[in-house]
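Below are the chains, spelled out letter by letter.
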Amino acid sequence: DQQVKQNSPSLSVQEGRISILNCDYTNSMFDYFLWYKKYPAEGPTFLISISSIKDKNEDGRFTVFLNKSAKHLSLHIVPSQPGDSAVYFCAAGPYSSASKIIFGSGTRLSIRP
Amino acid sequence: DGGITQSPKYLFRKEGQNVTLSCEQNLNHDAMYWYRQDPGQGLRLIYYSQIVNDFQKGDIAEGYSVSREKKESFPLTVTSAQKNPTAFYLCASSIIGLADYNEQFFGPGTRLTVL
Numbered sequence: 039d040q041q042v043k044q045n046s047p048s049l050s051v052q053e054g055r056i057s058i059l060n061c062d063y064t065n066s067m068f069d070y071f072l073w074y075k076k077y078p079a080e081g082p083t084f085l086i087s088i089s090s091i092k093d094k095n096e097d098g099r100f101t102v103f104l105n106k107s108a109k110h111l112s113l114h115i116v117p118s119q120p121g122d123s124a125v126y127f128c129a130a131g132p133y134s135s136a137s138k139i140i141f142g143s144g145t146r147l148s149i150r151p
Numbered sequence: 176d177g178g179i180t181q182s183p184k185y186l187f188r189k190e191g192q193n194v195t196l197s198c199e200q201n202l203n204h205d206a207m208y209w210y211r212q213d214p215g216q217g218l219r220l221i222y223y224s225q226i227v228n229d230f231q232k233g234d235i236a237e238g239y240s241v242s243r244e245k246k247e248s249f250p251l252t253v254t255s256a257q258k259n260p261t262a263f264y265l266c267a268s269s270i271i272g273l274a275d276y277n278e279q280f281f282g283p284g285t286r287l288t289v290l
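Residue numbers (the numbering used here), protein chains in the order written: chain X, 39 to 151; chain R, 176 to 290.
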């Protein structure tokens with residue numbers, strides 16, 4: 039039973055447009071949510087996070103939105119750039135406990151010219 | 176350069192053999208983790224360690240063993256008891272703090288194939 043789901047295995051977006059990656063979770067006890075980015079042949083790198091006391095967190099071109107009632111979060115990338123082509127993992131769990139973080143299966147984002 | 180190294184990048188083993196995957200970090204992190212990634216699935220936690228000479232089982236520890244004799248090193252042994260060992264293995268580390276979430280830093284991974 040997957041507690042963190044990324045239902046779109048892949049997404050293709052035109053350069054300059056907005057990329058929206060979605061993630062759903064089932065455990066209402068989760069209070070911390072993260073996005074990691076992974077390039078081929080490299081390990082995932084931390085991108086952005088949000089705690090359950092917020093509904094939005096912004097960092098440059100990246101914004102994460104959290105809808106607790108729907109148990110849904112999304113990552114917006116505006117504008118999308120070629121270097122954004124990667125696999126994006128959503129993760130969720132309790133705050134201050136990295137060992138309890140659950141990762142989604144990832145969405146492969148491709149930015150086309 | 177601080178970071179996490181995993182070796183080898185690709186590993187092949189015959190069925191029934193044990194194999195050890197290396198993970199070293201020079202970030203001075205207390206905590207280290209091993210994850211497994213299979214196609215279409217998220218990263219699943221195998222083992223983690225928060226201090227030298229101590230480690231805890233994750234969600235899928237069966238068929239695996241670890242040791243933490245040094246702060247910098249957290250090798251993972253895939254034993255012959257692991258039913259489906261072919262996968263991509265990722266090692267990670269983080270500091271340990273009580274106040275804030277501590278992001279995990281990942282190595283580049285080792286792809287293990289059992290022939």
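Note that these hints are calculated values from the structure, not bench results. Every residue gets a Cβ at the ideal spot worked out from N, C-alpha and C, and that includes glycine. Hints are supplied without guarantee of correctness; some may be wrong.
As the list claims (entries may be wrong) - Where chain R lies over chain X, by a calculated footprint (3+ residues, C-beta under 8 Å): (1) 57-71; (2) 76-86.
To be verified - DSS-like cross-link-like pairs, simulated, lysine-lysine; straight-line CA separation at most 25 Å: (3) R/LYS246 to X/LYS43; (4) R/LYS184 to X/LYS75; (5) X/LYS138 to X/LYS92; (6) R/LYS258 to R/LYS184; (7) X/LYS138 to R/LYS189; (8) X/LYS75 to X/LYS43; (9) X/LYS138 to R/LYS246; (10) R/LYS258 to X/LYS94.
With a cut-off of 25 Å on the C-alpha distance, tell me whether X/LYS138 and X/LYS92 pass.
21 Å, holds
For R/LYS246 and X/LYS43, compute the direct alpha-carbon distance and say whether it is at most 25 Å.
34 Å, violated
For R/LYS184 and X/LYS75, compute the direct alpha-carbon distance and say whether it is at most 25 Å.
19 Å, holds
Tell me if chain R covers the stretch 76-86 of chain X under the three-residue, 8 Å CB rule, please?
Contact hint for the stretch 76-86 of chain X vs chain R: holds, 6 residues under 8 Å.
Against the 25 Å threshold, does the CA-CA distance of X/LYS138 and R/LYS189 hold or violate the hint?
33 Å, violated
Take the stretch 57-71 of chain X, compare each residue's beta carbon with every beta carbon of chain R, and decide whether three or more fall closer than 8 Å.
n = 1 at 8 Å, threshold three: violated.
Please work out if R/LYS258 and X/LYS94 have their alpha carbons no farther apart than 25 Å.
42 Å, violated
Has the given pair, X/LYS75 with X/LYS43, been kept, meaning a C-alpha gap of at most 25 Å?
16 Å, holds
Given pair status - R/LYS246, X/LYS138, alpha carbons within 25 Å:
21 Å, holds
25 Å Cα cutoff - pair R/LYS258, R/LYS184:
21 Å, holds
Checked against the numbered hints given earlier, the structure breaks hints 1, 3, 7 and 10 and satisfies all the rest.
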